[in-house]
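Peer 1: Sequence:
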Amino acid sequence: MSPEQPIQQAPRRINHATTMMGEAVQLDAIAARLMAVQRHWNAPNREIDLAAALEASRCAWHAIQAALAEGVLTLPPDVQHNLLILSVYADSKISACESIPSADTLGSLISLTRTLAGSLKEWRVAA
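Residue numbering for the sequence shown follows the numbering used here, starting at 1 and increasing by one per position.
There may be inaccurate statements among the hints.
[To be verified] Here are the simulated SDA-like cross-link-like pairs (lysine to any residue), alpha carbons at most 25 Å apart as the crow flies: (1) Lys121 to Pro44; (2) Lys121 to Glu98; (3) Lys121 to Ser99; (4) Lys121 to His40; (5) Lys121 to Pro77; (6) Lys121 to Ile48; (7) Lys121 to Ile85; (8) Lys121 to Ala32; (9) Lys121 to Pro76; (10) Lys121 to Met35; (11) Lys121 to Ser111; (12) Lys121 to Glu47; (13) Lys121 to Ala29; (14) Lys121 to Val79; (15) Lys121 to Tyr89; (16) Lys121 to Arg46; (17) Lys121 to Cys59; (18) Lys121 to Ala67; (19) Lys121 to Ala69; (20) Lys121 to His62; (21) Lys121 to Leu84; (22) Lys121 to Asn82; (23) Lys121 to His81.
FYI, nobody ran anything at the bench for these hints, they're computed from the structure.
Quick caveat: nothing in here was measured; it's all calculated off a predicted structure.
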């Protein structure tokens, strides 16, 4: 073992923590957008705001799927599997909100998004 080996491993761990925190911050921002739409459900511009928030949400969840596929998120296999399942479930919630918009369906997507954001922050602290 050479003295340089631990130094070479450090950037990967920092990158992992940075990636996790970035995803958490992005999911928090998306949850806030979704909550704003939910709070102003009867606003005249709700359809436009909802479509934009759902598209941002879909992009974030697809980015998580891509990060898992590319091996960027170096999490334990069971956590990766669960995260993939959550992302597919979130995609179905987004589709449900698009096809039959309701504040309740939006609420479950908000809850899922906020929960994952909080979990990613916990992983960052543990890293």
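Peer 1: Could you run down the list of hints and mark each one as holding or not?
Peer 2: Taking the hints in turn, this is what the structure says about them:
1. Lys121 to Pro44: Given pair Lys121, Pro44 is violated - Cα atoms ~35 Å apart, limit 25 Å.
2. Lys121 to Glu98: 29 Å, violated
3. Lys121 to Ser99: At roughly 31 Å apart (the allowed maximum being 25 Å), Ser99 and Lys121 break the hint.
4. Lys121 to His40: 28 Å, violated
5. Lys121 to Pro77: 18 Å, holds
6. Lys121 to Ile48: 30 Å, violated
7. Lys121 to Ile85: Cα-Cα ~19 Å, so holds.
8. Lys121 to Ala32: With a Cα-Cα distance of about 16 Å, the restraint between Lys121 and Ala32 holds, given a limit of 25 Å.
9. Lys121 to Pro76: 16 Å, holds
10. Lys121 to Met35: 20 Å, holds
11. Lys121 to Ser111: 15 Å, holds
12. Lys121 to Glu47: Since the Cα atoms of Lys121 and Glu47 sit roughly 31 Å apart, the hinted pair is violated (cutoff 25 Å).
13. Lys121 to Ala29: 14 Å, holds
14. Lys121 to Val79: 14 Å, holds
15. Lys121 to Tyr89: The hint holds at about 20 Å.
16. Lys121 to Arg46: 30 Å, violated
17. Lys121 to Cys59: Holds, at roughly 20 Å.
18. Lys121 to Ala67: Answer holds: Lys121 to Ala67 is near 17 Å, not above 25 Å.
19. Lys121 to Ala69: Since the Cα atoms of Lys121 and Ala69 sit roughly 21 Å apart, the hinted pair holds (cutoff 25 Å).
20. Lys121 to His62: 19 Å, holds
21. Lys121 to Leu84: Roughly 17 Å separates the two Cα atoms, so the pair holds.
22. Lys121 to Asn82: 16 Å, holds
23. Lys121 to His81: 18 Å, holds
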